[in-house]
Amino acid sequence: MVIDRNRQTTSSVMVHVMVALLPGLVVQVWLGDWRTLVVIGASTIGALLTEIVCTRSTRDLSDGSAAVTGLLIGLCLPATTPWFVCLVASIIAVAIAKHAFGGLGNNVFNPAMAGYAAVLLAYPALVVEFDTVSGATALEQLAHRGSTTIDEVSDSPAFGVFGAAMHEWINLAFLTGGLYLIAVRVISSLLPFCVIAGIGVTAFMLDDGGSSTSHGSPLFNWFAGGTMLAAFFIATDPVTSPSNRMGIVIYALGVGVLAMLIRKYSSWPDGFAFAVLLANCFVPLLERIGRPRTSTA
Amino acid sequence: MLERSSRAKPEFESIDWSELNSSTVLARIKDAGIIGMGGAGYPTAAKLASGLHYGTRHVIANGVECEPEVNADRSLMRQHLEDVLDGLRIVGRCLDCDRLTLAVSDRLTYRSFHESDIDEVSCEIVGDNPANGEERILIKTLFDHTIPSSEYPSQHGFVVLNVATLFAICEAVRDGYRPTDRVVTVFDEERWVDLATPIGNLQDAPAPVRLGSKATGTKVLADSALSLTTNAVARDHPERTRACIHCGWCDDVCPRSLPVESMLRAQQTHSRELDVDTHYDACFECGACVVACPSSIPLLDWIRQGKVAASTKRLKQRANERFERRNERVSRRLSEESSAREVRIQTPREW
Ligand code: SF4
Ligand code: SF4
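First to last, the sequence lines map onto chains A and B. First residue of the first sequence? That's 1 in our numbering, and the numbers climb one at a time after it. First residue of the second sequence? That's 298 in our numbering, and the numbers climb one at a time after it.
For the record, the hints were derived by calculation from the structure and aren't laboratory data. Hints may be right or wrong, so weigh each one.
[Claimed, not checked] Listed next, with one range per pair, are the computed distances between beta-carbon atoms:
(1) Arg-629/B to Ala-100/A: 40 to 48 Å
(2) Thr-538/B to Leu-126/A: 37 to 45 Å
(3) Tyr-339/B to Val-15/A: 39 to 47 Å
(4) Phe-282/A to Arg-629/B: 51 to 59 Å
Glycine included, every Cβ here is placed at the ideal spot set by N, Cα and C.
Produce the entire structure from the sequences given, and follow the hints as far as they go.
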């Protein structure tokens, strides 16, 4: 029984989330491209402005949920994304995914992922990550590699020490931020670790030791793409995830497994956006599992 | 030290310790109009009479004040611990019970109890969680004894009295005073307040307030008066309420494991799909969910509304059932009468 939870409000929760996102953001800018900052700035400003337009007041900005949505979109989009694409993503996220569904608390789909997925489908060519150092990222090379085996691909500079080059450190930073959120009890540890377990188990079962269709070890998949960001910051959105224990486990495992399947069997390099949105569809159903609980008294 | 305004002459004769017996004490408590000052307002004389009837093994002074941001009982114990304990001894003498326990949740009182030389009474410290103040849960924590919700603790040999009640008992029996004031947490500050003070007089500008803690109090008008059971007056929700974000924290903290979020949703949406009616009565209004909610939703207001709605629904249902049974009875009688008439008509008369 967790009784003495620190007194927290929606705004203080959002402040914790922003603090927890910082290390990942710093690493991403440091190792990657300064243009990340432009992308993040454009999406955050877009989200805040859309929030003002939708609520016709600045009153709700203080709860920080719009800012976090914008921030998450900015962190998902590659640094080369043009600024107007960032704006489109954040407008879709806040106006359509959130306010058209009735505002904070009533939305079915995770706003950040809805916005991101929308531009992913609308501007596929502009939202592909292509950095000047290594060409395509590791996950993209795996997705479009033809018949080369995993060992051949992993010789390329896109692969790092244990994960994908650069992304392994970004993921490590997000993991740290996520553990901070658990420590200050903003999120529970159950959901993120079930996502990670879902990825791990699926990657392990699909890993046949290095043929041309294999998709790398669990360790590689944990530290590639947006795994940690999605597990700790995106899937944990309280509004769009179940609130009962059983529902959380099924939802989180589902996100992990789906993301891994999309990574391997589709032409999209990373599958978290679609995995989260698909899992969101099942949340109303999952909410019924644990409810109403019987009283113990 | 809190200031207490001076009082008129005692209304009753003081009762001497040596001639303390059950009937004089009970009569005095009844005459002084003492009721449970922890909030429930159960007539204390009736509780003690039931304790006498069933036989009492433990008398517990309940100083576990667990409503958020209420410190009335704590400061009373700091100022008048000896009188509270005298009240406990008086009740012990009255119920012929020598196992007297003071249960507290704050370390300061616990320590000062053990530093002073106190006989007859033992002191226990329990965790400062919102559930421990409820008497059944307190008994469970202290003595690992479960009392079903359909029975009273006195039926199991336990009498639990709030420390403010004990203080009032002590003053009524030993000094002959009727309780006319009590310690109240008024906007985060403890003071002695004369009862029947209009709440409007406690604040500079009239604003909506809650009688009770911020989390568990009920909203009242500024002209309402205080009563013996009021342990706090709080400002009504200074924070802005936001939409429920379905985080489930309210469910997590509820000591009764109630589906609080579903109860809120059932009230807000009038949804028939959620079958939560049976849960409302299990809520003992501890306020833990209100404190936990990050959106500052006054969950207890909604739950209280639900309690009323659920009991109205039950009454309606019962009335409906009665009405249907009556209709059935009437139609049966009518059909019996008509068939009897048929028989009479059919039977040839014998002249
Ligand atoms: S629902 Fe009732 S019992 Fe449960 S935490 Fe809220 S006030 Fe306490
Ligand atoms: S704690 Fe508040 S916001 Fe969270 S589910 Fe309960 S009512 Fe909703």
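Taking the hints in turn, this is what the structure says about them:
1. Arg-629/B to Ala-100/A: 40 to 48 Å: violated, 58 Å
2. Thr-538/B to Leu-126/A: 37 to 45 Å: holds, 41 Å
3. Tyr-339/B to Val-15/A: 39 to 47 Å: holds, 45 Å
4. Phe-282/A to Arg-629/B: 51 to 59 Å: holds, 53 Å
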